[in-house]
Amino acid sequence: MNPIDTWIDTDEVRRLAERLISPERQAPANVREAGFNDSFVGFADATPTPADATPPTPSPATPIPKASVFVPQTAVPSISLPKQATENPQPFSADCAALADWLHQECGASAVFLINLDGNVLHDEGCAHLHFAARGMALNWKIRDAVKPVRLLVHAGSYLELIPLNHPQGRLILGIIVQHPINPTTLDHIREKSSRA
Amino acid sequence: MGKTTVSINLAHAFAIAGVKTLLVDADPQGSVGLSLTRQSRLLPGFYDYLADPGLPLEQLIVPTRLATFSLMASGQAGDYDTGGSMGAHLARVRTLLHQISHRGFDLCLIDTAAGLFGVSGDVIASSDAVLIPQQAEPLGIRSVPKLLDGLGKLRVMNPRLQVLGVLLTMVQNDLDDSIEAAKALRQLLPAELVFQNEVPRDGTFIKASARGLPAGVMENGEPIRKIFEGIRMEIARKTSSPALNPRHA
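First to last, the protein sequences are chains C and F.
With the numbering used here as the guide, the letters of the first sequence map in order to residues 1 to 197.
With the numbering used here as the guide, the letters of the second sequence map in order to residues 1001 to 1249.
A few of these clues could be false.
[Claimed, not checked] Example chain F residues on the side facing chain C (calculated, C-beta under 7 Å, incomplete):
| id | residue |
| --- | --- |
| 1 | 1145 |
| 2 | 1152 |
| 3 | 1153 |
| 4 | 1156 |
| 5 | 1157 |
| 6 | 1189 |
| 7 | 1190 |
| 8 | 1192 |
| 9 | 1193 |
| 10 | 1194 |
Since the hints were derived computationally from the structure, they do not count as laboratory data.
Glycine residues also receive a C-beta, built at the ideal position from the N, C-alpha and C atoms.
If we strip away everything but chain F, and leave its shape as in the complex, we get:
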């Protein structure tokens, strides 16, 4: 459990707070779509727009039962090399984000494929902020230096990019290795670069995915909903954006 679960539940947290949110699936595996919409493989989406920027935005945006929450699937075009060269899709990603902004969304949350190259790199080089979900286990945390170095280089390309920080996920409070890994990461990085809230490993995420729902709306999902509300508030504080905190604007 990592990027996609965080993306879905964080987008939902912003949406129920009144932030008009678009969750874009930029992972060619289409995990967001597969999690939330059964017919996602039939929908045009992000990669179709990269292939044909003439596609109207309204054909790509999928509304949900929550008026403030919309989705964009990854789409049908599947021949993209997510690990390839950067810059190839920079212009189209930026054009798409401009269109989304003009459409009135307060937040466009993009679930990228792993890594900082290819389309994922173009997305980060076009974004205002980046959040790094990191599994609380030693092997994953050893990759943090490389990640920080890559983000530093991307900030040269995109100086306005704000690094919101590392969000620890799959934290297992009944497993010493997981607790130690989380603790070590907090000691390693500056406090402002690690979210105070952590996402636990919880079977509710799997049950929610099976039903095509954010975990926070499940019968026993209230603790998870509170965690993501906490993460949402941390992000709102870090960005100081009134659009991301409408109740206090």
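Only chain C is shown next, with the shape it has when bound in the complex:
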């Protein structure tokens, strides 16, 4: 008897294997990646500096149009979790999009993603390559029960803020790419806004 067939879903393994031998994905030319790149310099201090005290505003000189954000071909499509019928009748995915729009306008976010601890993607704007790390941190690190966000300096002038959210949908991780660290006041606004999403 085959020693592994009884233990392994062979179709699933072949699907995973085919994915690994697919050619390297090429990013479209002239687009700016929203997350890690070669100049990623690691974790940033989670304490905002005095200069961060004023709410960041989008810089008109260096906007990152949403349309230019690279979405890998294997990005997981957004999904909507089931919601109680008695609650907000608007689909949850629409709520996520509205929250993202608000983050773009009010916090100068250049890209936003929202995932849950199971790795399901509720909203994404070209950050699929960050989901694995974000979820890994959520599962293995202090962010799981943290109140404060975890901040990574993606590259010069670009931060990834990972904000744990207690939401009726469950524990969620909100990722925001911003030019300046988010100050505590703005963070409170984000939590309040997201709790209504």
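Given the structure of chain C, go ahead and fit chain F onto it with the hints provided.
Leaving out everything else, chain F in the frame of chain C:
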């Protein structure tokens, strides 16, 4: 016998082919160093660089009698959590690899700790290619699906990562279970994802380790040297890199 033995003998195969090779020990247990250099525990190395990126590269690189073969020990810093969160050392790993490349090495072969998380994940997320040594026994092969899934996710972080394939190790041709496990894996995976060459279970590896040598240079090590030369050529074909096949460049 798995990652470390493959790393040492594969690095040696590239080095004797004329490829300027650096073998980095990124396993906190320091198996490469323990195998090849008796004083490895005294050497600064990979984890010391992660703790202090200001360490000059020349203090970390240990030459060998073979001009094209150098080592970097795991080092003294021993408080790293290899199963922890990813991304914590990504920048420093990438900086180290850039420095190694600028130093003129054609190949940097890194022996990581088991698993795809923590520092090992950061190394894979910074690398051009990954090779997966897999013991030819049923229990180990059952972990392959999880491994493939993890590598798929790492490719999202590092789209240029090439999965060279699974290399069957500790193959025992006198043991039916081992033969069946190897055969089953080949049936399960696409041919291009499994190396044609296999590494047998062989006492020569243990004798070589005891003497601090790659198995291929032992008196009766010629068959093993040929196997790793075959693996080297498979890798050179898969990557199409002239730097990894200098005799044919």
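Here is how each hint holds up against the structure:
no.: 1; hint: 1145; verdict: holds, 5 Å
no.: 2; hint: 1152; verdict: holds, 5 Å
no.: 3; hint: 1153; verdict: holds, 4 Å
no.: 4; hint: 1156; verdict: holds, 5 Å
no.: 5; hint: 1157; verdict: holds, 5 Å
no.: 6; hint: 1189; verdict: holds, 5 Å
no.: 7; hint: 1190; verdict: holds, 5 Å
no.: 8; hint: 1192; verdict: holds, 6 Å
no.: 9; hint: 1193; verdict: holds, 5 Å
no.: 10; hint: 1194; verdict: violated, 9 Å
In this structure, only the earlier hint numbered 10 is contradicted, and the remaining ones agree with it.
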